[in-house]
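Given only the sequences and the hints, what does the whole structure look like? Please build it.
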Amino acid sequence: MYCDELKLKSVPMVPPGIKYLYLRNNQIDHIDEKAFENVTDLQWLILDHNLLENSKIKGRVFSKLKQLKKLHINYNNLTESVGPLPKSLVDLQLTHNKISKLGSFDGLVNLTFIHLQHNQLKEDAVSAALKGLKSLEYLDLSFNQMTKLPSGLPVSLLTLYLDNNKISNIPDEYFKRFSALQYLRLSHNELADSGVPGNSFNVSSLLELDLSYNKLKSIPTVNENLENYYLEVNELEKFDVKSFCKILGPLSYSKIKHLRLDGNHITQTSLPPDMYECLRVANEITVN
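If you count the sequence shown from 1, position 221 lands on 335 in my numbering, and the numbers rise without skipping.
Derived from the structure by calculation, the hints contain no laboratory data.
You may find that some hints are simply not true.
Pairs of lysine-lysine residues, derived as BS3-like cross-links and limited to a Cα-Cα distance of at most 27 Å, are as follows [claimed, not checked]: (1) Lys183 x Lys148; (2) Lys290 x Lys360; (3) Lys170 x Lys212; (4) Lys178 x Lys212; (5) Lys201 x Lys184; (6) Lys123 x Lys180; (7) Lys184 x Lys236; (8) Lys369 x Lys352.
Pairwise CB distance ranges, derived in the manner of DEER restraints [claimed, not checked]: (9) Met115 x Lys331: 48 to 58 Å; (10) Ser319 x Gly266: 12 to 22 Å; (11) Asp238 x Gly131: 40 to 50 Å; (12) Ser282 x Asn313: 42 to 52 Å; (13) Gly363 x Lys329: 28 to 38 Å; (14) Ala294 x Lys360: 21 to 31 Å; (15) Gly173 x Ser308: 42 to 52 Å; (16) Leu120 x Gln157: 13 to 23 Å; (17) Gln382 x Asn313: 23 to 33 Å; (18) Glu349 x Ala242: 29 to 39 Å.
Here a beta-carbon is modelled for each residue, glycine too, at the ideal position from N, C-alpha and C.
Take a look at the structure:
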């Protein structure tokens, strides 16, 4: 049921049996406790671009929706996460709000995707809230106010986006816990060599790593399995083959396909000859 752009100020009467409800681009500023009593079969609830504040969302309005899988409240005026939420929830999106506090996500055993980008979250708020989420695979915390990596993130993560924060330091072996992590973004932070221990990003599951727009002078070592590596606009001074290949041989080489080094002090002529042997499957290497 589509109720987008109708200048609604509250949730309309929804007929029973509706599974998908879109209420985007309205002026909804409150949700009463009985708003969804008719529609207990609801699976998707999309409330993007409204005027919702936490104090105007009443009682256990969401937790009564026992079939709910997707809840999107992007572009509203929330200052903390909403809840309680039903155990059925798979996908939670609360982007472009003013969230600085996360409530408990305890018991959300099916929650797989969390989008929290463009908020005001600091690392401590995140650490406390997300610990118990055993099914979480996708977490976007980009464009927040974190100065450190949050502790206790679920080890089930496949995708972690932390770009556009103020992170300057990677604790030793921080990413080793994430044995399934494939996609990691830390671009537009304040990472320098002094805050990045030698093997920080040497994670065998990692396929894509974005460290662009930082202050790195040397290339952090990565595992041979990495396929896409973005290092543009740092302060890199030289290309070290050992950052990609510990040893070189017929079966020892990097799986890098795309490598970006532009916006650094590395030029085409300064690349060492054995680079091509190490990066033998690369499709694209971008330098100044």
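Do the hints match the structure? See the list:
Simply put, Lys183 and Lys148 have alpha-carbon atoms about 19 Å apart, close enough for the 27 Å limit, and the pair holds. Distance hint between Lys290 and Lys360 is fulfilled; the C-alpha atoms sit about 18 Å from each other, no more than 27 Å. Taking the CA atoms of Lys170 and Lys212, the gap is about 15 Å. The hint holds against a cut of 27 Å. Taken as a hint, the Lys178 and Lys212 pair is honoured in the structure, with Cα atoms around 26 Å apart against an allowance of 27 Å.
Note on Lys201 and Lys184: the hinted pairing holds, with a Cα-Cα distance of about 12 Å set against a maximum of 27 Å. Restraint check for Lys123 and Lys180: satisfied, since their Cα atoms lie roughly 25 Å apart, inside the 27 Å limit. Under the criterion of a C-alpha separation no larger than 27 Å, the hint pairing Lys184 with Lys236 is consistent with the structure, at around 25 Å. As the CA atoms of Lys369 and Lys352 are separated by approximately 20 Å, the hinted pair is consistent with the 27 Å bound.
A hinted range of 48 to 58 Å for the beta carbons of Met115 and Lys331 is consistent with their spacing of about 56 Å. In this structure the hint that Ser319 and Gly266 lie 12 to 22 Å apart at CB holds, the actual value being about 19 Å. Distance hint check for Asp238 and Gly131: the Cβ-Cβ separation is about 43 Å, which falls inside the suggested range of 40 to 50 Å. Under the hint 42 to 52 Å, the C-beta atoms of Ser282 and Asn313, about 18 Å apart, miss the expected range.
Roughly 34 Å separates the CB atoms of Gly363 and Lys329, a value that falls within the hinted 28 to 38 Å. Roughly 23 Å separates the CB atoms of Ala294 and Lys360, a value that falls within the hinted 21 to 31 Å. At roughly 50 Å, the beta carbons of Gly173 and Ser308 sit within the given window of 42 to 52 Å. Checked against the hint of 13 to 23 Å, the pair Leu120 and Gln157 passes, with Cβ atoms roughly 21 Å apart.
Distance hint check for Gln382 and Asn313: the Cβ-Cβ separation is about 29 Å, which falls inside the suggested range of 23 to 33 Å. Taking the beta carbon of each, Glu349 and Ala242 are about 35 Å apart, inside 29 to 39 Å as hinted.
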